[in-house]
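Q: Residues in the sequence shown are numbered from 12 upward in steps of one, following our numbering.
Among these hints, one or two may not hold up.
Claimed, not checked - For lysine-lysine, the following DSSO-like pairs were computed, each having C-alpha atoms within a straight-line distance of at most 30 Å: (1) 57 - 38; (2) 38 - 65; (3) 13 - 38; (4) 65 - 13; (5) 38 - 56; (6) 56 - 13; (7) 13 - 57.
The set of hints was computed from the structure by calculation and includes no laboratory data.
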Amino acid sequence: MKVEPHYNDLIITHDCPACHFGHKQCKHVQMAAEAYERWQWWEPKKQIHTVTRKIVLSSEWEQIQLPPSQEEQLRAVIDHAS
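Taking the hints into account, I'd like the entire structure generated from these sequences.
A: Below is the structure:
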């Protein structure tokens, strides 16, 4: 899966069986869009466009570290409470 911002659009390129059956937004697209929004939380919401294409991973790509979700933060507080 590849997620690229382009002005007010978010282009998500991937290939899964749901794409071949006419579903524009499978769960993978939804998860990728949510992850992007968590990572770039200060940006305005973008219009999602999907492209069905196989992705070949590249060694130059940088993997991003997402900030913890609110649920993960609460769980950490509960787990480490004395």
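Q: Now, for every hint given, state plainly whether the structure supports it.
A: Do the hints match the structure? See the list:
1. Restraint check for residue 57 and residue 38: satisfied, since their Cα atoms lie roughly 17 Å apart, inside the 30 Å limit.
2. For the proposed pair residue 38 and residue 65, the alpha carbon gap of about 17 Å is at most 30 Å, so the pair holds.
3. For the hint linking residue 13 to residue 38, the alpha-carbon distance of about 14 Å falls within 30 Å, and the restraint holds.
4. With a C-alpha separation of about 10 Å, the suggested pair residue 65 and residue 13 falls inside the 30 Å cut-off, and the hint holds.
5. For the given pair, residue 38 sits about 18 Å from residue 56 by alpha-carbon distance, which is consistent with the 30 Å threshold.
6. About 18 Å separates the Cα atoms of residue 56 and residue 13, which keeps this hinted pair within 30 Å; it holds.
7. Between residue 13 and residue 57 the CA atoms are separated by roughly 16 Å; this keeps the pair inside 30 Å, and the hint holds.
Comparing the model with each numbered hint stated earlier shows that all of them hold.
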